[in-house]
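One letter stands for each residue in the lines below.
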Amino acid sequence: MGLLKHALGLTALLISARTQATDWELSLDMRAVSSNGRESFLDNGQGKLRFDEDHQGIRLGRLRAALDQPLGEVLSAHIEASAWDDDDKNPIDLTEAYLEYRPYPRAGFRSRMRLGAFYPPMSLENRAIGWETPYTITPSAISSWIGEEIRTIGIEGQVDWLGTRLGHSFDLQLTAAIFGWNDPAGTMLATHGFALHDRQTTLFGRVGAPQPDPEFAKKELFHEIDDRPGYYVGAQARYLDRAVLNLLHYDNRADPTAQSREIRDFAWLTKFDAAALRIETGNGWTAILQALVGDTYIAPGSFWLEWEFDSRSLLLAKRMGAHMVSARYDEFNVLFRDDPALPGSEDGHAWALAYTFDPGTQWRFALEWLQVDSTVPQRVVQLGETAFASETKVEISARYSLAGSF
Amino acid sequence: MSILPFLRLRCTSAAIAVSLACTLAQADPLSVTALQRDGKPLAGAVVTVEAESPGQAAPHPEHATMDQVDLAFVPDVLVVPVHSTVQFPNSDAISHQVYSFSSARRFQLPLYRGKPYPPVTFDQPGIITLGCNIHDNMLAYIVVTTANWFGRTDSHGKWTMPHLPAGRFRVRLWHPLLNESADIERLVEGGSEGSLEIRLSRNLRPAPLTGRPHSWDY
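Chains A and B, in that order, give the protein sequences. Taken in order, the first sequence gives residues 1 to 406; the numbers are from the working numbering. Taken in order, the second sequence gives residues 1 to 218; the numbers are from the working numbering.
Worth double-checking, as some hints may not be accurate.
Simulated coverage check for chain B against chain A, where a stretch passes if three residues somewhere in it have a Cβ under 8 Å from a Cβ of chain A [unchecked claim]: (1) 88–99; (2) 107–118; (3) 122–133; (4) 208–214.
Estimated spans, in silico, between C-beta atoms of each pair [stated by the list, open to error]: (5) A:Leu75 / B:Gly211: 50 to 56 Å; (6) B:Val74 / A:Ala291: 36 to 42 Å; (7) B:Val74 / A:Leu402: 21 to 27 Å.
Some chain B residues close to chain A (C-beta under 10 Å, calculated; not the full set) [unchecked claim]: (8) Ser102; (9) Asp136; (10) Leu139; (11) Arg205.
Hints listed in this document are in silico derivations from the structure and should not be mistaken for laboratory results. A virtual CB, placed ideally from N, CA and C, is assigned to each residue, including glycine.
Just chain A, same shape as in the assembly (with noise of 0.2 Å):
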């Protein structure tokens, strides 16, 4: 965390030398959950749900706080802190923390860069501030693991041609970046598999609950074991503000017979490509179709062991003013190369069906069911439960922000 320690030090460095108005944003989303989910993956079940059947009632979904503070013309800072308690190692932590540099376009190009740690531009779902979906309480599984195990901490890279500012229909973006600080990525996926929940991952913070057991893995992504940095790179294309194209490969480069002592885990060698089409009408109607295709490995010893993993979502909505209604699809599966019988296998499916109601105010309120059929054999082996669950949730959210300028 050494590269993100020095960006945040120097973002606190040019704040204070601030000449322009820091913009603020706080919010508080508090949920009414009835759950009959298993033991969640927070608590180190594997229950696919943040919320199970022990986490009923009112709760916390999430207090956001933020920071946005620009930095003369062309250069600015951000800093998003949450608070979840979900049994989080830090009961209040960062989940974005960067330094933006947008210089004005050029002939129809425009550069950007980001240091610090923030989200690889991947999901067309969480759109909203915050990295939230606007369509549902609860993201996809590809961006719900997205949120719990992948951060970029290192320096992003876009240049932007504006077609739709020269007359023409299309904009194109390319992204590159380099970043080390996510060596564990993987780890998670191998431990319980895909989840479908709205927590994301902290900086300093880690999955959930601690490990009952001293020598497991400490649940902590955001290290670096190897120093061997990873990259990404993508490509965007969009059609109007109609249409949007998303594609990424992600490879992060690790010596997978590397090991932390610190955090009791491994390297994990993760890559994956990504690609989401979010198409949206003037009626209001909204189609995401997102996917995922990726394998991890490790390397203790002399054993070689490799994951697969891949997820598809479809997501349909209709959005009348300030009302929206979502139903979403989601399948997933892992696949453990050794032996698919054995322990840290998968498959499973998810339906979500929600309503949100955003007028435009403070205020902004949700209802969501969702239901996750899954089949884990490791839940027979650590658990002595049955490997097929369905596990189902009805959650209401009540959202309320404030927004100013100091």
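Add chain B to chain A, keeping to what the hints say.
Showing chain B alone in chain A's frame:
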């Protein structure tokens, strides 16, 4: 929104001040109707009428305003005579950063709220595309014209010039969503009452989406 009163006023004041063309010449109205390919009216199209021969007074430069309200430029299209100035206030609570890299006028207004900058002068005719470097969905156009008369079509696709003097005139039509292969131009003869119907040969491009909550980051 009808712009006819505005145009009548323009013609009258121009006549008094400069040429008397509107009141003295044998002038009759010119009515331009813009239709989409399917025959539906094309509202908001920019119509310019320019004399082919000299003698008609050029319009006076204006002091116009392009506001920013609710993360959108208002109006979406502004038509001004060449040498006009345009003020770019930001009425939103959040900052915007306005730019144009169009060849007719390149400029940028560093991150601001309120009205901190002097107006921008537009000395060359052409279409200037405006953007906000922070909010990529903000898009608007300034049409800077040397035409003697201009306006935008109403909800019926219609724009009427009360007094077109005798002579030969070039009528041009432009709209941000046009998808035509060539510029739309027609020649008309003034001096007698005329109507001109312009029908597009291709469908318009889809209009920008509206009404999405601002909490969506796009």
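Hints violated by the structure (numbers, ascending): Hint 5 is the one this structure does not satisfy, whereas the remaining hints hold.
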